[in-house]
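> Okay, here's what each chain looks like letter by letter:
2 protein chains.
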Amino acid sequence: MQLNIQGTSFSVEHDGKEVFSYAPGKPLVYVGHGKEDVLMYRGNFRIEDYVDERTPLEVTNLLPTEDGLVATFGWELEMTISINGDLCEIRFLQLNENINRFWFRTTSNTEEHLYGCGEQMSYFDLKGRHFPLWTSEPGVGRDKTTYITWRGDVDGMSGGDYYHTNFPQPTYVSSNKFYVHVQSTAYADFDFRNDAFNELQIWEVPEFIRIEGASSFVELLEKETAFLGRQPELPEWVYNGLIIGAQGGNERSFGILDKSIEAGVKVAGLWCQDWCGKRVTSFGKRLQWDWKFHQEMYPNLPQKIAELHKRGIKFLGYINPYLVKDGALFEEGKKHDVFAKKADGSLYLVDFGEFDCGVIDLTKPEAYQWFKDEVIKKYSIDIGIDGWMADFGEYLPTDDIVLASGKDAMKEHNHWPALWAKCNYDAVSESGKLGEVVYFMRAGGIGSQKYCTLLWAGDQSVDFTRHDGLCTVICAALSSGMIGCGLNHSDIGGYTSLYDNLRTKEVFLRWAEMAAFTPVMRTHEGNRPDTNFQYYDDDDCVKRLARLTGIYTKLAPLMKQLVKENADHGTPVQRPLFLHNEGDARSYTEQFEYLLGEHVLVAPVYTEGATEREVYLPSDGWVHLWTGKEYGKGDCVVPAELGDTPVFYKKGSEVEPLFREIYESFGTK
Amino acid sequence: MQLNIQGTSFSVEHDGKEVFSYAPGKPLVYVGHGKEDVLMYRGNFRIEDYVDERTPLEVTNLLPTEDGLVATFGWELEMTISINGDLCEIRFLQLNENINRFWFRTTSNTEEHLYGCGEQMSYFDLKGRHFPLWTSEPGVGRDKTTYITWRGDVDGMSGGDYYHTNFPQPTYVSSNKFYVHVQSTAYADFDFRNDAFNELQIWEVPEFIRIEGASSFVELLEKETAFLGRQPELPEWVYNGLIIGAQGGNERSFGILDKSIEAGVKVAGLWCQDWCGKRVTSFGKRLQWDWKFHQEMYPNLPQKIAELHKRGIKFLGYINPYLVKDGALFEEGKKHDVFAKKADGSLYLVDFGEFDCGVIDLTKPEAYQWFKDEVIKKYSIDIGIDGWMADFGEYLPTDDIVLASGKDAMKEHNHWPALWAKCNYDAVSESGKLGEVVYFMRAGGIGSQKYCTLLWAGDQSVDFTRHDGLCTVICAALSSGMIGCGLNHSDIGGYTSLYDNLRTKEVFLRWAEMAAFTPVMRTHEGNRPDTNFQYYDDDDCVKRLARLTGIYTKLAPLMKQLVKENADHGTPVQRPLFLHNEGDARSYTEQFEYLLGEHVLVAPVYTEGATEREVYLPSDGWVHLWTGKEYGKGDCVVPAELGDTPVFYKKGSEVEPLFREIYESFGTK
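Taken in order, these protein sequences are the chains called A and B. First residue of the first sequence: 90, per our numbering; consecutive thereafter. First residue of the second sequence: 90, per our numbering; consecutive thereafter.
Okay, chain A solo, but in the shape it has when bound (with noise of 0.2 Å):
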């Protein structure tokens, strides 16, 4: 980083880049005033936000530094810019009181892409676009052109757009080899539809904006990720094969597994999402948020485990950070004292959908130190329960709630989904088990890179929607492989079938496809079990299903490497094609396919009725998996029948004899 001071103008740039500049006339910050207006139903949020004051900063006074310089804004703003190599940090000191908007501009032009701001789901090139960024529910259907957005809107305001997203995060990667990152939890919205420049809002003064250069894009992560934080490496077992998702009560789950392994699925666990009791709402089967086995529908749940370990198979739970007020845990807490009040000193209670919970206040020491010990550890470690869902994180309201820390809910919001990530990692990290237990969430923030074992991609539709559907989960992994969360992966089949919209079998097979090329391979039954298609139900799909698993046991050496690449160096998994294919302009845009690692290309298939795909190769020498056909750089069309994904690995590189062994296996021809 090179910073430049000409009077009281100054640039700074990055390998001959300019990154962000000031000059008068030609402002670099601007503050004001707003007042928002938020409304939360079940986690969806319409915020509105009212400016009154938005000004332009001049400086009045530049004092040059050792390591860089401070600027002075009138009374409004002092700023502090240090470089230290790549790396330029911008810390500011708020003078002027009544500031609570901020927005920061860089330098951009048409030719730059970036990426990341989160995990997110319709857009891996976030250029042309803003980016509201605030933890909530990702919507259903997403698309406001869909008929299933337009009715998730109108019955509960649930629809959601390209934004939306459990997972997101000031932090951005952008292609002229630097990174982004603003420390703040408040709300923000990224604005990158400007050609000439890049404006984040933030509704507060940032502690700090970092700012951080490399030669490569490699170097740029491990860079990143070194103060991001990293994702540890998975547990060994999860290698072993496919996580079941099967609820009902031991008989029908543990029925289902033995079902599954002996038509030659390779299992690692079961996951009985249900194992604390079952609800049933209008929005489909849920769970007693109530955080221990249900002596009815599982009894004897540790003895069932213990029995589970013995072959070789592991149990996995769910969790989130709310109690029902229906549940024994609920009163329990009200006792310790744990739940968030409003400001009268009654409970805050939270609609999660026809039932109402409290909310632990994990600002408050005892109350998070009593979920970690007398939920979490008791009811789940303490069990052998290998690894939960750990679900939610994102509704924290904002109205009307007063959090033991004294912070104001506005900036804790978006902290709260890396406070219940760290809850389960201090649980998980005090009893011993990091590295053999493994937890998964949707919901992110600044500090989940460290602290969530691993991502899910949240509550896809059982489609191909574009917005909704199969093809976002590439699109998620990309991007929070861009913020340090190299490690995701999704519901195969996906999640939410309402109005109508039903999970078939073309969609699982090509979801459960995809997901062998991913870290993690686990099933979920969705939303509504009974009327949606269920691969235990079909004995063809479970044929091909178990094929599947054989994939992926089988790349589980290089599966691992990749892992340990991303837990020591935050190399993710899944990796956009221009991370290794820094000279070629299409890699920039492709956000249908990804490599895994260096050697493999991977383009799932994601409509519906394909029989082949169109892939776009970034450089030279590709064999196609399933044909052993050689393509050199460019787009190919190649077949991609039902268990035919589209995959290519690097014709003499270190993975060839691993894919010609799976050729060589699972290959029809």
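Among the clues, some could well be false.
You can't tell identical chains apart in this list, so a pair holds if it fits in one copy or across any two.
In silico BS3-like pairs for lysine-lysine, Cα to Cα no more than 30 Å straight-line [claimed, not checked]:
(1) Lys106 <-> Lys740
(2) Lys496 <-> Lys393
(3) Lys414 <-> Lys740
(4) Lys539 <-> Lys511
(5) Lys233 <-> Lys124
Since the hints were derived computationally from the structure, they do not count as laboratory data.
Start from chain A and add chain B according to the hints.
Positioned in the frame of chain A, the structure of chain B alone reads:
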């Protein structure tokens, strides 16, 4: 109006109530800079604004004057306030040429009610919402929770919302008995969402703001219309009965006329919108935009008109200020260089829905004159046409259009409807036909008051929906009456039939019932005549319609008097309850009933399947027209079978004899 000055602080009061004020730290005016993004598709607009600066102005110098003050706001703006009795005029001198956004705050509180902002279709009382002011298509459905609106939005940005209107105007009336008028045709957005203030946003520094108070609402409207202008009286022939909308050529149109007359329908005129020919699009039956009579469809039309005149019946046509590319007048217009152009000098053609048209450049004197003389006079007035729908005016594009006047299309867009009105006015006036010819318009703006002989409420859906059905035309009449257009009427039965929404006999008859108590009764076959209910296909309906035209013609003496009051004093024909009931709080919020003059109250049935209606009466001593039963102030429920429109008259008032006569002639008991 009283102006109080203290140091640099000041306030203006009317009748002891603050109208606006300034004090250090409590801004009155904000200025700033923004960049709009305007997308037009067939008259529907998506307008986004990016405000990069917004600054509250502080008075740096205040100079009291003989009739007010001059306040200087640094290098930004100078403001001159002049008080003259109940009138306050605020003029601005823009010092900073960068300013293109302007916000002015008036004082408010939760008790204040606000009306006007042009012709509003959804909400009469504006408090609690904001109203973007930009003339456009009004929307199909106008309610984001309805299927029709969603389909409209998806198919062509056409769904609309509560504030979409053909006739926006930056003028409103406050329940505190003053009006506020902003002299500007730039884009505006009047925000009435805040309790303590109203914020008037205009995309330029306006020429002036005019605020005038009165001691009664009747007086207030008189003052307001003395300034804005007033609609002239309607021709006498209007009161002869129904204006029948019929299409399809001489044979069909005149056939419908004769059949209607034979069945007892009282007829004022025959309106053939397709006098110029027709064009079938996917939307429905539309017209050939070439404004002379169609020789094949309407052979010998001038002679046919003369024959009609002998029978005491008028003939009406249709014109709008565009010419279709494949028409004869387009070719002539090109020769006379009458069309607006693109920056590159080529014609700007606008897509009106599967056909492209040239836009008459009404800012070019030669083009204006050509259209007035060589089109309107020559092909309509001179062949004896007695009136027309002067349609459209909302489609002036703002991208890449160059007007002869050199004016910015962003500022001319809202001006266009009044220019278009004036073009019609001048044609009629110069032909000596004022008071004989009537043209009716849906688009409007500042200036329409004087130049538009009659409003029609635009294109409702053929249904009872809250935001696009029958009830919206009551709101339209009430709100347009607050800004000087007290003559309004509507398409009986509605117009827009899309997405399987079809007109029923009930909706037609309910609409006709209401229309009998408005200045003009006119039917429209709608955009899809063949699949929608038409009165002439149903003998029972013709009979019922005949009765309603009988009621309407009986009302003529009252109607003429009210129309004259509107022309002389700006007191609208259809009046909100509070106009004559200033002390009654409920009267300020009723928008589904209206006063017809001082002594008659009409409460149209606006829901499906009703047999009775709840009515609010603002005072004592009302007689229910159809039962003769007396009702006092408050809510009451009256029978309302088809034909029994809930109508009340004041006992002992001057209208009593007329209404007794109506009861005798048309009552069912």
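> Could you run down the list of hints and mark each one as holding or not?
Going down the list of hints, with the structure as the test:
no.: 1; hint: Lys106 <-> Lys740; result: neither (36 Å within a copy, 84 Å between copies)
no.: 2; hint: Lys496 <-> Lys393; result: neither (44 Å within a copy, 81 Å between copies)
no.: 3; hint: Lys414 <-> Lys740; result: neither (59 Å within a copy, 61 Å between copies)
no.: 4; hint: Lys539 <-> Lys511; result: within (8 Å within a copy, 70 Å between copies)
no.: 5; hint: Lys233 <-> Lys124; result: both (27 Å within a copy, 25 Å between copies)
Hints 1, 2, 3, counting from the list given before, are not met by this structure.
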